[in-house]
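K.L.:
Here the protein sequences come in this chain order: C and W.
With full-length UniProt numbering applied, the first sequence corresponds to residues 1 to 214, in that order.
With full-length UniProt numbering applied, the second sequence corresponds to residues 1 to 899, in that order.
Everything labelled a hint here was simulated from the structure, so no lab data went into it.
Just so you know, these numbers come straight off a predicted model, no measurement behind them.
Check before you lean on any hint, since a few could be wrong.
[Unchecked claim] List time: in silico BS3-like cross-link candidates among lysine-lysine, alpha-carbon distance up to 27 Å:
no.	chain 1	residue 1	chain 2	residue 2
1	W	K287	C	K32
2	W	K228	W	K372
3	C	K32	W	K228
4	C	K48	W	K372
5	W	K745	W	K869
6	W	K372	C	K153
7	C	K32	W	K448
8	W	K448	C	K153
9	W	K422	C	K55
10	W	K422	C	K32
11	C	K32	W	K372
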Amino acid sequence: MSESYEYLFKFLVIGSAGTGKSSLLNNFIGNKFKEDRCHTIGVEFGSKIINIGGKSTKLQIWDTAGQERFRSVTRSYYRGAAGALLVYDITSRDSFNALSNWLRDARTLASPNIVILLVGNKKDLEESREVTFTEASQFAQDNELMFLESSAKSGENVEEAFLKCSKTILAKIETGELDPERIGSGIQYGTGTSKRLSAPKKTVRAPSDCACHV
Amino acid sequence: MENRHAPPGVNSRSQTAAQSAADLEVLREIDHVYFSPTSEFDAARYVLEHAPSPPDCVAIEAMFSKLKRQQQVVSGKALHLISQQRDNCDREFAEIQNIRAQLSDTLDTCKKARERLKTASNHLTISTFVILANVRKRQIIKSVLKSLQLLQSLRSVENDVAEFLSKKEYYEAIDLILKGKKAAAAHKEFTCIADLATRLQDTLDMTEERLDSVLASICYNFDENVFKKLKKAYDLLGKTQAAMEQLHMHYSSAVNESALEAIKPYLNNNSMEMKFQEMCQTVPTTKAPLCLLNLCEKLFLVMKSYYLLVSWHTKNEDTVPSSNVFDIEKNVSREYIKQKLKAGLIRIWNDVQAKVSTFLKSSGLEEFPFEKFIQMLGILRKLTQVAEIFCGDKSDLLQDFIKTQSVSYIKNYHRGRMEELKLFLENEGWEQCPVKSTFNLQNLQEFKQFRKYLNPFKSDTSIAKTQSDATSSAPSQDDSVYISKYFTQKTSRTPFEIFRNENVTNDDIFGIEPESDASDESDDEPDELRRDFVEDDRHDYTTTNDYIPTSPSKLKESVIVTNTTLSVLRNCGQYLQISRYLPQISLEVIMLMNQLFDYYFYAVHLFFTSDLDVASSTLYTSKLNLVLKRISNSINVSTEDNASFECPSIPQHLDMDSEANLHGLSERIVGVESVIFLAKQYELLHPYLESIVAQHQRMILEHFRDNTLAVVADLRMPVYMCSASKAVDARSALIAMSQVRWDVKNVAVEHSPYVDMIIRKIQVFALRLENISSKVTLNLEVINSIWSMVSKFIVHLLVEGFSNATKCSNGGRGLMQLDYRQLFVKLEKISRLKPVPFQDYVDRYVKAYYLPRNELECFVKEKTEYSNKHLLALVSSACENKRDRQALSAIVENKDNPA
Chain C
1 MSESYEYLFK
11 FLVIGSAGTG
21 KSSLLNNFIG
31 NKFKEDRCHT
41 IGVEFGSKII
51 NIGGKSTKLQ
61 IWDTAGQERF
71 RSVTRSYYRG
81 AAGALLVYDI
91 TSRDSFNALS
101 NWLRDARTLA
111 SPNIVILLVG
121 NKKDLEESRE
131 VTFTEASQFA
141 QDNELMFLES
151 SAKSGENVEE
161 AFLKCSKTIL
171 AKIETGELDP
181 ERIGSGIQYG
191 TGTSKRLSAP
201 KKTVRAPSDC
211 ACHV
Chain W
1 MENRHAPPGV
11 NSRSQTAAQS
21 AADLEVLREI
31 DHVYFSPTSE
41 FDAARYVLEH
51 APSPPDCVAI
61 EAMFSKLKRQ
71 QQVVSGKALH
81 LISQQRDNCD
91 REFAEIQNIR
101 AQLSDTLDTC
111 KKARERLKTA
121 SNHLTISTFV
131 ILANVRKRQI
141 IKSVLKSLQL
151 LQSLRSVEND
161 VAEFLSKKEY
171 YEAIDLILKG
181 KKAAAAHKEF
191 TCIADLATRL
201 QDTLDMTEER
211 LDSVLASICY
221 NFDENVFKKL
231 KKAYDLLGKT
241 QAAMEQLHMH
251 YSSAVNESAL
261 EAIKPYLNNN
271 SMEMKFQEMC
281 QTVPTTKAPL
291 CLLNLCEKLF
301 LVMKSYYLLV
311 SWHTKNEDTV
321 PSSNVFDIEK
331 NVSREYIKQK
341 LKAGLIRIWN
351 DVQAKVSTFL
361 KSSGLEEFPF
371 EKFIQMLGIL
381 RKLTQVAEIF
391 CGDKSDLLQD
401 FIKTQSVSYI
411 KNYHRGRMEE
421 LKLFLENEGW
431 EQCPVKSTFN
441 LQNLQEFKQF
451 RKYLNPFKSD
461 TSIAKTQSDA
471 TSSAPSQDDS
481 VYISKYFTQK
491 TSRTPFEIFR
501 NENVTNDDIF
511 GIEPESDASD
521 ESDDEPDELR
531 RDFVEDDRHD
541 YTTTNDYIPT
551 SPSKLKESVI
561 VTNTTLSVLR
571 NCGQYLQISR
581 YLPQISLEVI
591 MLMNQLFDYY
601 FYAVHLFFTS
611 DLDVASSTLY
621 TSKLNLVLKR
631 ISNSINVSTE
641 DNASFECPSI
651 PQHLDMDSEA
661 NLHGLSERIV
671 GVESVIFLAK
681 QYELLHPYLE
691 SIVAQHQRMI
701 LEHFRDNTLA
711 VVADLRMPVY
721 MCSASKAVDA
731 RSALIAMSQV
741 RWDVKNVAVE
751 HSPYVDMIIR
761 KIQVFALRLE
771 NISSKVTLNL
781 EVINSIWSMV
791 SKFIVHLLVE
801 GFSNATKCSN
811 GGRGLMQLDY
821 RQLFVKLEKI
831 SRLKPVPFQD
841 YVDRYVKAYY
851 LPRNELECFV
861 KEKTEYSNKH
871 LLALVSSACE
881 NKRDRQALSA
891 IVENKDNPA
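Model the full assembly from the supplied sequences, consistent with the hints where possible.
P.N.:
As structure tokens, this is what we get:
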């Protein structure tokens, strides 16, 4: 399994329970849509190499549980994420209302430069829509987020969401706004690049010469 | 007439005998010349010529008389003879007369007959003969007409044959041609026939070609009726055997053709002519499963057709033993065909197998997603089942292939999982995942299918069942019945169509009975299945203060798992599912599963003991050392062996330095306890795992259980020591101890101040531990092992401190006892450990002071747990006698290097 890529981006998928985060991820990495999926426990993981503007980029995507009780578990995965999909369900007003909390978490726990894309999922359920495109756009604009409406069921805008977010990150790297070398940027040089982030340090600390012999 | 001169010597009835004699004499004297015919002899001349000379009368007279006499005798004789013959002459005459009369009668009759015949011919002959002639002509014309008709029919043979063929009346067509040929051969005399004969031959050839093409079509779809007709036709041609050979060739090419046809639609550029193998290589991986399915289906149709052919032959076998030479020959041919058909089954299967293998080899099987891979395996498994019905072959080739592919797939899959695990571990926050206190792996969706094997109440029967299921890869009886249903002519379905169904489950594919747990375990499980095994009463962690480790009942129930633990367990579930479908590689799968555990185990140890700042010799049990060594060998082996895995890098995001959180104790606890939980889950699986491997492989599992799973609790010591050893600052404690005067005369009443200092530190530790217990549910075992590490650390600290006392009196020794007693009373209260472990260590050390010299010598010799420094300090303070002191010191110093 030789996979070569130039960048590795750490991604998060966050949002309230049942908004279809896992479905989005699964759709993106090529699995079938399942109607009644279970709640995610803790976090799940998926990765995919995509090509953005000629650069192959590996996305390391952490799909977090939306349920409140997993907050403590999932929060530890926020650290150092380069991008995030903030997902709400267009048929659930509650999930939309919770967005600002999620957003705050993301901005504080992950890197402050994190690129966030707002995703209104379940676009296929137009008849039970509770959140209009306009108000979501407004929210995105107010919070400087990108915005898309998608359907994990039909696959509409799923890949676009990840691509758009990745493109923005890449653009920010190129303009120098993001520095991949900074620890916790959520970005790493991949096997395809000559530059490598510092080689894994051997941090085996020798037992200190403490006087006591245990 | 008696006077007539009778010729001399002849009848002279009227003469006397003397006379007669004289006559005879005369006769005799007659010159013979006189008897000559007159035309030639002139008697007168003769006499004149012979007249006597000189002519004198006497002589002439004599001569004359003589001649006269002779004349008389001759005349008399002649007369006599004539009279003698007279009667005869008369009689003859009468006879002649008679004959003449008869002749004239005959002539009359002839004349009459002729006349009558003439009449007859006039009246009868002519008309009849005309009729006869006509009849004959008619007959000739008739035969000509027949020939012409024949010619006409011969000319139309072609059309008729075509018509028969279109009606699939092969026998009739061949019959017609053969008859035509026969007729043509019989009428070679016609010039036009020669031409016709060649045309007939052409027609025959063409018809045979047609038959051949029909024969070829048999390969794709065996139709009993069509074949029967064909067979009859070939029988008629006398080419049954040749046709069978031909048919086999057709089957061979049908396998080829079907394979090509099956693949073609999946190629991007089907323009070029390519070899099968090349084609296989160009099939995009994403389309490969469908393509394989198509391939198997197409090939199955050929196999089915052949199978039907063979069974038709067995059904219609009617070899009647016969002594007839012709029949014997026929039987030989039939036997030959039978053998050929039998051999053909294997040959066709081998062809099919080769095609499928070729396809698989270039399909990039190991890159498939799990579901697809399972589907592929299912298809192959079905194919082997089909083969078993088809020719009884166990498809070793394919089985081996499946096995090696499975192993390489699972290894590849495993590599992915390991990489993922590394990522999970490196990103793990070591937060306790909120699950119900009753949680175990059975609650995971992935283990749904295994629950009945894991349930202890039913394990006996169900394991026995799986064992038989799992260890034999051969299809069960039901399977074969099920498969053979597809081998009938009536159905156009194939055993592979199940794979076309989107909703088909893997169990359907593998013919594994679905787990019907509704009947036996229906109580509260459905909820659990939905992964709702997480605690519901804990929506927000602000309420977690309820979980103070004061209520022992709660303590026992807590389950500490991390997100990564769950992910390892889920992977195990996946692995076990794979092994269900690949019973032959169960052991390999289990070994890989164990590797997941090893890696997790190793990572936890690596992450949480990296800052261990006390010497570790007594913290690691020998088994734990062995396990860690074994795992690190498999992880750190350099790149040449691709079976090894990269070591996880120590995460930088965990706060392991802050005293306030006891140097990441909560993470350490979650880490260690989650390994222990994981080990427990593996142990839960153990009976099931044993049931799916062969008897002789169980040892390996047992070894893993006894030498790895059973050892994990030992990890607590080094990990918890990391935090425990920081509970009391060793340096300041030692300094405080060094300020105590140990050479006091009297036993003190009050313990030394350093004791209070240490106790204060311990109290702080206890408070912080309490804080941690609000984050992590700590069970008694955890708390006890933490406290015992604290205690271990303290006893070592004390021994170290005591050994620093260069001078020590009995009073000082007493003070030491007073100090550590005080310390342990307090510690016992705080830690709730009764008694506090490791007390002996300091107790023995302090009391060794009181030992008599020889016992002290034994102590010094035997107690290896104390360092030389400790022992030397002991000796120097305990021995008042200088000689003893030196002797014992020498013993201590020589301990390390025994002579």
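K.L.:
Run the structure past the numbered hints and jot down the numbers of the failing ones, going up.
P.N.:
Structure breaks hints 2 and 3.
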